[in-house]
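Order-wise, the sequence lines are chains A and B. Just so we're aligned: 80 in numbering that gives the first Met the number 0 is position 81 of the first sequence, and the numbers increase by one with no gaps anywhere. Just so we're aligned: 161 in numbering that gives the first Met the number 0 is position 162 of the second sequence, and the numbers increase by one with no gaps anywhere.
Please keep in mind that the hints were generated in silico from the structure rather than gathered at the bench.
Away from chain B, derived, C-beta distances all over 12 Å, residues of chain A:
{"hint": "1", "residue": "G27"}
{"hint": "2", "residue": "S34"}
{"hint": "3", "residue": "G64"}
{"hint": "4", "residue": "E69"}
{"hint": "5", "residue": "D198"}
{"hint": "6", "residue": "G230"}
{"hint": "7", "residue": "L259"}
Chain A stretches covered by chain B per the calculated footprint, using a threshold of three residues with CB under 8 Å from any CB of chain B:
{"hint": "8", "stretch": "78-85"}
{"hint": "9", "stretch": "99-111"}
{"hint": "10", "stretch": "120-129"}
Quantities reported herein were computed from a predicted structural model and do not represent experimental measurements. Backbone N, C-alpha and C fix where the C-beta goes; we use that ideal spot for every residue, glycine too.
Chain residues, written in single-letter form:
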Amino acid sequence: MNRTTERTALVDLSDVSKRYGNVRALEGVSLEVRSGEITCVLGDNGAGKSTLIKIISGLHQHDGGTLRIEGEETRLTSPREALDRGIATVYQDLAVVPLMPVWRNFFLGSEPRKGAGPFKRMDVDFMRRTTHAELLRMGIDLRDVDQPIGTLSGGERQCVAIARAVYFGAKVLVLDEPTAALGVKQSGVVLKYVAAARDEGLGVVLITHNPHHAYLVGNRFVLLRRGTMVGNHTRDEITLDELTKQMAGGSDLDALVHELQDS
Amino acid sequence: MSAVDERLLPASPLRRLLSRPELGSVVGAIAVFLFFAIAADSFLRAASLSTVLYASSTIGIMAVPVALLMIGGEFDLSAGVMVTSSALISSMFSYQMTANVWVGVGVSLLATLAIGAFNGFMLTRTKLPSFIITLGTFLMLTGLNLGFTKLIDSTVSTKTIADMEGFPTAHDVFASTLTIGGVDFKITILWWFALVALASWILLRTRAGNWIFAVGGNQDAARAVGVPVAKTKIGLYMGVALGAWISGQHLLFSYDVVQSGEGVGNELIYIIAAVIGGCLITGGYGSAIGSAVGAFIFGMTSKGIVFAEWNPDWFKFFLGAMLLLATLLNAWVRKRAEATK
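Full structure from sequences and hints, please.
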């Protein structure tokens, strides 16, 4: 991956802040996402990761700072608008409707249709075929696209959601802790698809609290703590050890080590 | 590129059948049918079947949109009295304005749809549970039905509109009797079948159907991928209103007067029919055909008890037992179906 391209970033946040009433959820966060790159957002629980993706995906609006999409300053008012501008978000738990078949989930919200007037209907054959083919392209060989998506494993569900975003021409893929609830092997599978999406030229925002997963695939690393940005590094500026240490809270960790040893 | 895979065992028609939401209700319907066929001699006659179908259709017309609404994850407790409201509006408007009854029918359609839209709008705006919103509408409509009728007609029923212009044609459309092969069938049976077909098509083959399953199955996921959740739910409530309008006009034109206190309690019958038909009470699962089978079980039970010459008081007991059995059976079937993995 060529990280030094001078093309405009797909998404560029600078000095963004967000308040919920009198709670400061986010303050002075900057982040950029480029085509063919993975930007990792790392932070512990309550660090502001969720707020950050809600701003990028159009669920919430930022209060301060600027959000640029392909160089144009903007403010997203709905998830639909974010989608229309090429930003697809895959949420950890609310990515799919468990009781619905895989193919219905795959096209949910963007169903292809045929026919005219009152006979306008979903192109079910096309939907079934495309779902199977697109998943196969991402390396998932599904037995039956008619099975409820809830019967798939957590990793497979994430992969369906990623394949879906790629198919619908997303330029930016936002992944909310895709590996959080998964075992080691399944995490590896998901990370492989994240890399596959990157190789297709997408810009990826990977939210995680696992520095090992982040360092495996990431090009840029943004560290959040208690709503503020405590680090923003490119891959050649930081080592895994340093990342892990910053992520764990640096001096906080030293204090904890001390405390545990004393007791 | 075929969507079939060699790991998908060909011997799965049974599994496929088991995964249908209406399976439990079909088994139940067959059981009830056999039961009354044995218990009541007159049950198997064509005329009895016609009576059973008529009773089923009056519930079924409402059970269809109520089932769709339940798949969409919501309830409508005002559905029962809304039928009466719709009939009252139609009757009173025609009578008071001395207009052609079709004008009243049209006004009633608009007004009833407005009530449905109000339910949906309140729900999506306030985000309160549909139980509370529609309980409110239920009570308000009950009061309005009685209050307005007493205010205008000084009794609890409306004045007859049988001698008014347009009544014969409206009667033909909403309450006539068709004779097929020497047996009389009420036209509501046709309305019912048409609604089941329409609802099935919407659910299984249209984008709106996909959205209905999605808002009931996981509302937040649906919203996140761009499904218009509020519009879908308002549309579903307006669907219930449409059903209430058809039922209401049938009520009016089969008797030419309307009792303003009617309809209370029917909302639960519609919900029970939908649940017996395999609709998941938490939303996201179910079918229109299932609701029809549920309504048919109702029709068979209510009329079967009469044909068997038992005390009709037993009806409620049967109903409760049926509901419990059907729900248990559905839960079991779904577990089996989802264990395909």
